[in-house]
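Colleague: Sequence lines, in order, name chains S and U.
Under this note's numbering, read the first sequence as residues 1 to 811, first letter to last.
Under this note's numbering, read the second sequence as residues 1001 to 1222, first letter to last.
Watch out, some of these pointers could steer you wrong.
Said to hold, decoys possible - Straight-line distance between alpha carbons at most 30 Å, and here's what the computed DSSO-like set of lysine-lysine pairs gives: (1) LYS13/S - LYS1180/U; (2) LYS280/S - LYS1007/U; (3) LYS1138/U - LYS1180/U; (4) LYS644/S - LYS657/S.
Hints were generated in silico from the structure; no laboratory data involved.
Model, not experiment: these values are computed from the prediction.
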Amino acid sequence: MKIILTHIFRNIKEKKGRSILIILSLMIASVVFILNLTIPNQIVETKMEQSRDAIGSSDILVASFESFNINDLKLSDEKTNYVGVNDLYLIHKDKTLVIYGTDIEAASKVKLLDNVNLLDNEIIISKTTADKYNYIVNDIITIDLQDNKYELKIKDIVDSKGLLSFKTLSGIINNNTYNKITNNENNKYRTYYMDVLNNEKVDDTKKYIQDNNDKKEYIVEKLVDEEKIREDNFYTQFILLVIMIMATIMIFFVVNTLNKMIVMERMTVIGTFRSVGASKFKMNLLLVLENSVYGLLGGSFGALVSILINNFAASMLTGTTIKSTVPFNNLVLGIVFTIILEILMSLASIIKSNKYSIKEIMFEGKNSKAGFNIKESIISFICIIVSLVIYFVISDTNTVLSALSLIMFWVGIAYFIPTMMLILSKIICSIAKKINSGSLLMAGKNLGFNKLLISSTRLVVISTSIMLVIINISISFNSMIDSYKVQFSGYDGTIRDVSKKYYEYDLLKNIDNVKSIEYNFMYSYDNDVTYNDGKTLDAGPMFLGMNKSAPSIVELDYKIKDLKDDECLFDRILLKNNNLKVGDTVDFYLKSQDKHIKVKIVGTVDSYYMSAQREIVVITDNTFRENITEVPFSIEFTVNDSSKVRDTIELMERKLKDPDITIWTIDDFCNLQRKNINSFMSLFYIIISLALILSFVGIINNQLISFMERTKEIAVLNSICMSKSQLRRMLVIENITSNIVACTFGFIVSIMSLRYMNKLMYGIKMYTDVQYQYNVGLIIMGIVLIVLLSTVIVPIKKMKKINVVEAIKYE
Amino acid sequence: MGNIKTKNLVKEFGSNENKVRVLDNINIEIKDGEFVSLMGPSGSGKSTLLYLVGGLDKPTSGKVLINDTDISKLSDTDMSKLRRRDIGFVFQFYNLVQNLTVEENIMLPVVMNGEKESSYKERLDYILKTIGLEDKRKSLPKELSGGQQQRVSIARAVILNPSIIFADEPIGNLDSKSGKEVMELFKKINEEEHITILQVTHSEESAKYGNRIIRLKDGKIV
Chain S
1 MKIILTHIFR NIKEKKGRSI LIILSLMIAS VVFILNLTIP NQIVETKMEQ
51 SRDAIGSSDI LVASFESFNI NDLKLSDEKT NYVGVNDLYL IHKDKTLVIY
101 GTDIEAASKV KLLDNVNLLD NEIIISKTTA DKYNYIVNDI ITIDLQDNKY
151 ELKIKDIVDS KGLLSFKTLS GIINNNTYNK ITNNENNKYR TYYMDVLNNE
201 KVDDTKKYIQ DNNDKKEYIV EKLVDEEKIR EDNFYTQFIL LVIMIMATIM
251 IFFVVNTLNK MIVMERMTVI GTFRSVGASK FKMNLLLVLE NSVYGLLGGS
301 FGALVSILIN NFAASMLTGT TIKSTVPFNN LVLGIVFTII LEILMSLASI
351 IKSNKYSIKE IMFEGKNSKA GFNIKESIIS FICIIVSLVI YFVISDTNTV
401 LSALSLIMFW VGIAYFIPTM MLILSKIICS IAKKINSGSL LMAGKNLGFN
451 KLLISSTRLV VISTSIMLVI INISISFNSM IDSYKVQFSG YDGTIRDVSK
501 KYYEYDLLKN IDNVKSIEYN FMYSYDNDVT YNDGKTLDAG PMFLGMNKSA
551 PSIVELDYKI KDLKDDECLF DRILLKNNNL KVGDTVDFYL KSQDKHIKVK
601 IVGTVDSYYM SAQREIVVIT DNTFRENITE VPFSIEFTVN DSSKVRDTIE
651 LMERKLKDPD ITIWTIDDFC NLQRKNINSF MSLFYIIISL ALILSFVGII
701 NNQLISFMER TKEIAVLNSI CMSKSQLRRM LVIENITSNI VACTFGFIVS
751 IMSLRYMNKL MYGIKMYTDV QYQYNVGLII MGIVLIVLLS TVIVPIKKMK
801 KINVVEAIKY E
Chain U
1001 MGNIKTKNLV KEFGSNENKV RVLDNINIEI KDGEFVSLMG PSGSGKSTLL
1051 YLVGGLDKPT SGKVLINDTD ISKLSDTDMS KLRRRDIGFV FQFYNLVQNL
1101 TVEENIMLPV VMNGEKESSY KERLDYILKT IGLEDKRKSL PKELSGGQQQ
1151 RVSIARAVIL NPSIIFADEP IGNLDSKSGK EVMELFKKIN EEEHITILQV
1201 THSEESAKYG NRIIRLKDGK IV
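Build the full structure now, drawing on both the sequences and the hints.
Modeller: Printed below as a string of structure tokens:
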């Protein structure tokens, strides 16, 4: 065993460049796999932890617009601790903050605040509030009431935890003080936080409260909903999955080619082992073991890198600081995955080595000639035709068939390449005969029949097409995420976290410099809406209340301004996925509000700027306000003089006196979004770029290795008939022709592959039409081609140094 | 025991109209302990015959019996076992594993046989002494001369005490001095270890080290 391991490690060490390339590739595969296993769970755990920090041990929130007594609610028999909380907006001069009035002891019990002894007329405030308004302990906060003023003494300044984490600027007073200020009746609260003692009964308790109380009056929500957090992280998971699939495919092609080369190069050693008594099985085992060592090394390095970058990557993806360790199990799984991946990538070459007898392996040399294989041609045509049929026949939502058609397309292309090279070879040979050029004739023959050239062309076609698909998808992700720019085009500012009814904001129209304001009515339901007697839509829906066109919604066959109150427009994908059609009447039932919206579908829209899941239903703003809510999602405004937009925002803040809202200039808002997205996308780009670089290095490496493998063949040609200048011409012609053809074909294949990818993305509810960026594609292909053409310099230089006698010694 | 028999051995290459019969009904018998040389002009089929009797290639028809076992009926695993235990090969270009040291190359059949290397320590020392490369045991093949490499190759062939050694032009790539040393080593092994040797050679001089010569011409024994 020691000898075998020594042999394996020496093999890895001897081919340093190739080994490093394989190990680096496997390391990337291992990293993306481990991150895929780890990050989604870490995000959920962190968010759950953050929620727990905020809401203590409470599980359910019951709220109403009017304060109510807990006894007014019908509750289940499940044992529950609860605390009632009221809130009050404090406004004094330019200072605004939210004050919570609660039973201090009960709030401590459900961990919404630390146990403090808070007397009447005393307040504790958050550190953020103290910093903002320069408050210190024992300062007095004055509240302006209609007829008089009320003063509160600051008892303590504490961390923004529990109740104080809900709003940036906030404080807590006891019940007595709150009731005195507001004339509120004792034991009446607007919100109750409930801690269901048996954690397994949280869902049942929530359902009981919902089902047994007036849905219109009470909002009942689960406070820490793991399922919802997971759903919210759909895109993070999706991006990670895309990174993993893309990186693995790239790595697969690069490493697979390198493995083929390794096995080819080692055939004589394989023969020697078999001649001293190693059976085919034992030889296979040895090669599998060698590849396992590659896998183990790549996987272990990957595990190490994952440990180092995990928190950084998770934080980049989520925009929040995440600190946790990678579970040991995930590290082990990552290593196992990498070993299996490497074995799978090498298996074909290993099995292929079995078909030769020892005599063929040892004495007949490596056969670098490949003949036209009719079986391969037939397979290629069948695969391409079947994949095209699947592509055109299946619906957009069939993920499995979409994936199958894409794989079949790539397999078909891979098998088609020898046929394509043969055709090219015939053309070049006939030209060579006409112009009587020996170099061109040899180059032409090699293009059609040289295994290494064909394998190299295959790698260039597949790798470059995958590379271009990845780049196009990346650009598309970027522009998809940038789509908020379209949503806000034409506006100067946006008001967020709005909580009052729309008409209460009409006063903004009177502010100097404000030209216009527009209410954005939008509400998203997650499976909380059924239609036509209990059916659910495959996504959402997200209702938009509109009365005119907006840049974020592309009208297809109907103008939003013509929409009537009993009509609606569906996103075309949502319509198709739910087998609905224009003319159908849809009776939506809003479960949480116990309301019906009955509307006729009169047309379709494209809403990819708003949502990649395309769950949009456009109704009139009247219908929206009447049935869903009168509180807008946001308010967008324009100003007369855009240079004074910041002054206008200050005026708005003063006028609204609402600590909840945030007002942004469109530029600031977009910059903030961009900042969050940039960190998110950077990780994507880092990993994809690494995979691309490796693939690129792999292609070049393969080109150079191809030449090394042909040293004997070139030496023989030199010894029998061709001069070095003729050989040089032959190599240049081969290089130029094969690489131009490979890059052109790769470019064409990438266009078609992207169409397949689009279909696949539709299948996984990622309704983004990725547009092929032809200019980008051409530039990248140009660069790849130039680099590939320049690789001919090395073989030409090496050819000069070939010792013909040494090289042909064993022929 | 180390006897070799062939019965109506035929080997053809190519297919249909391009079919060429390289060996035509060969019947030979080599007895235990014999040192036989196969000779003949290029293309006479001597190497092909060696590969067939060594189980490196399969005949078109006919039988090869090694120690009375019909090797055409053996599975890959059983054939591998036979190669490990009963047969040793020596090739013209030595075929040493370049990244293994002299002693690691010699011990390769032991490893492949699933045996402990430590139990062959004495045998290894003895063989290294016999081939005169005790001081080179840690060297890599590239650090040795052609003659030394061929001696390592012979050592590898005898480490598991096989009953037969097949040698394909063992001195074809060596100078006359090294060639002589290698042939003397073969002679010594044949006499001292009583191992049957079948070698293919072009050299009348090296054939004289054996007790018998089989001559081939156009695929037939002459």
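Colleague: I'd like to know which numbered hints this structure contradicts. Please list them from smallest to largest.
Modeller: 1
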